[in-house]
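A.B. asks: These protein sequence lines are chains S and H, in that order.
In short: position in the first sequence from 1, add 1, done, that's my numbering.
Numbering follows my numbering, with no gaps: position 20 of the second sequence is 4.
Misleading hints may appear alongside valid ones.
[Stated by the list, open to error] Dumping the calculated DSSO-like pairs for lysine-lysine here, alpha-carbon to alpha-carbon at most 30 angstroms:
hint: 1; chain 1: S; residue 1: K132; chain 2: H; residue 2: K119
hint: 2; chain 1: S; residue 1: K60; chain 2: S; residue 2: K83
hint: 3; chain 1: S; residue 1: K140; chain 2: S; residue 2: K220
hint: 4; chain 1: H; residue 1: K119; chain 2: H; residue 2: K63
hint: 5; chain 1: S; residue 1: K81; chain 2: S; residue 2: K68
hint: 6; chain 1: H; residue 1: K104; chain 2: S; residue 2: K132
hint: 7; chain 1: S; residue 1: K220; chain 2: S; residue 2: K83
hint: 8; chain 1: H; residue 1: K63; chain 2: S; residue 2: K132
hint: 9; chain 1: S; residue 1: K5; chain 2: S; residue 2: K234
hint: 10; chain 1: S; residue 1: K178; chain 2: S; residue 2: K132
hint: 11; chain 1: H; residue 1: K157; chain 2: S; residue 2: K81
hint: 12; chain 1: S; residue 1: K233; chain 2: S; residue 2: K68
hint: 13; chain 1: S; residue 1: K226; chain 2: S; residue 2: K140
hint: 14; chain 1: S; residue 1: K83; chain 2: H; residue 2: K157
hint: 15; chain 1: H; residue 1: K157; chain 2: S; residue 2: K84
hint: 16; chain 1: S; residue 1: K211; chain 2: S; residue 2: K133
hint: 17; chain 1: H; residue 1: K119; chain 2: S; residue 2: K84
hint: 18; chain 1: H; residue 1: K104; chain 2: H; residue 2: K34
hint: 19; chain 1: S; residue 1: K133; chain 2: S; residue 2: K68
hint: 20; chain 1: S; residue 1: K220; chain 2: S; residue 2: K233
hint: 21; chain 1: S; residue 1: K5; chain 2: S; residue 2: K60
hint: 22; chain 1: S; residue 1: K220; chain 2: S; residue 2: K132
hint: 23; chain 1: H; residue 1: K115; chain 2: S; residue 2: K133
hint: 24; chain 1: S; residue 1: K178; chain 2: H; residue 2: K119
hint: 25; chain 1: H; residue 1: K119; chain 2: S; residue 2: K133
hint: 26; chain 1: S; residue 1: K68; chain 2: S; residue 2: K84
[Unchecked claim] Label-pair distances were calculated between CB atoms; the ranges are:
hint: 27; chain 1: S; residue 1: S43; chain 2: H; residue 2: E99; range: 43 to 53 angstroms
hint: 28; chain 1: H; residue 1: A114; chain 2: S; residue 2: E134; range: 26 to 36 angstroms
hint: 29; chain 1: S; residue 1: S43; chain 2: H; residue 2: L12; range: 29 to 39 angstroms
hint: 30; chain 1: S; residue 1: Q221; chain 2: H; residue 2: E149; range: 50 to 60 angstroms
hint: 31; chain 1: S; residue 1: V45; chain 2: H; residue 2: P108; range: 45 to 55 angstroms
hint: 32; chain 1: S; residue 1: V74; chain 2: H; residue 2: L16; range: 49 to 59 angstroms
hint: 33; chain 1: H; residue 1: A159; chain 2: S; residue 2: T6; range: 32 to 42 angstroms
[Said to hold, decoys possible] Computed footprint of chain S on chain H, listed as stretches where at least three residues anywhere in the stretch have a Cβ under 8 angstroms from a Cβ of chain S:
hint: 34; region: -5 to 1
hint: 35; region: 82 to 92
hint: 36; region: 110 to 116
hint: 37; region: 123 to 131
Rather than coming from a laboratory, the hints here were simulated on the basis of the structure.
Heads up, the beta-carbon is just placed ideally off N, CA and C, and yes, glycines get one too.
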Amino acid sequence: MAVKTFTIDGQQFSAQEGETILQVAREHNIPIPTLCFLEGLSEVGACRLCLIQVEGNNKLLPACTTKVEEGMVVHTNTEKLKKYRRMTIALLASEGNHVCAVCVVNNHCELQNLAYEVGLVRVRYPYLFPKKELDATHKRFVIDHNRCVLCTRCVRVCDEVEGAHVWDVAGRGIDCKIVTGLDEPWGDAETCTSCGKCVLVCPTGTLFEKGVTVAEMEKQQDFLKFLVNARKKREWVYEE
Amino acid sequence: MSEKIQKPRVATAWLGGCSGCHMSFLDLDERLIELHDKIELVYSPIADIKEFPRNVDVTLVEGAVSNDENEEMAHLVRKNSRFVIAFGDCATTGNVTAMRNRFTPEELMRRTYTELAEEKFAIPSDSIIAKMLPKAIALHHLIRVDAFLHGCPPTPDEIWFAISELLEGRIPKLATAYLRYG
Ligand code: SF4
Ligand code: SF4
Ligand code: SF4
Ligand code: FES
């Protein structure tokens, strides 16, 4: 496979054809915030948090789905990008009902950490306070739509790794939501194996285990790399 | 003689919050004595002063804007203060106070005073009772806010940092040092 040479933030890199900007950035500890991306799942480029600028291209591109190209000049941390990332997080905050003080993942939340990373001091947009539901019909897990950022990690892990495809996305705009089965209560979704993978990959307090209270839910996600490595490379090792 | 020197005039106000931010303020403990030497507390729920005064240097505002009294107070605070700090998560985001926003004020009153009450009370309707706004909102969605002190509640150390920086004549860099929600 061909090797491509390009620069990121003024530094020269080379990578195999087909690699993404995000992959290269991660390998070299160049921080690019991500939300919908999770190593081991397919990339959907949905959250637009990982946006980068490529010289000669007016559009901002998601680093998680943009492949390296010969001679590419990439910027990952311009003022414009910082502004857009802050806006993205602010919009996510205003479109849901986030009350960190009483949330199961308080202090262990990817959305919270992103808010700190992008320096979200306050949300300029009016909070929409949408009416969202909570479904506790599953015997072990709960989904609280108030916290959902529609990253679709749950949809992908259930389909791509567990092979059960319980989740889907339904509706549009502010009514867009993830649904179980044919938009039936989670407890009635017969395809669910209760494996808990969706709960663990969920970056927010949307999916959680019954019995946990404020700030008690911590998500361990290293199982995903382990499973994917085992399947693709036949390597049964737990990476640190 | 030192009494003659004009000390910074500081106020705190309590809108739609649980008073937890003020409790955290009281948890400054012995630092309150130091503070007393450095500032003049001109208005606060912990002091017996009836009217919000003019010419205040710094006001910390706890709580979301949840009823018509809060609204009036917020405007008065803004008008009479040089520097306004949103004090805690309810003031900053609406937080717990805004959890009622999925219901209408009428639904809330009915549920609280009749459906959930152990004794059945009449829904209070006296005109001296503050009227809930349709939605509880963050302070900066009503008035201009100069700084945000995050947390539910902010810790005494965070409060101390904010006040000490202002007393030193610096704008507290809360965004970098103490940005957190929850
Ligand atoms: S999901 Fe995260 S950001 Fe949302 S309320 Fe919970 S802790 Fe806060
Ligand atoms: S518990 Fe497992 S099978 Fe059930 S919805 Fe989640 S990922 Fe799918
Ligand atoms: S439930 Fe969690 S994992 Fe699924 S889309 Fe919402 S935030 Fe993402
Ligand atoms: S992480 Fe790239 S678009 Fe979400």
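A.B. asks: Which numbered hints does this structure break?
C.D. replies: Hints 8, 18, 19, 29, 30, 34, 36 contradicted; others consistent.
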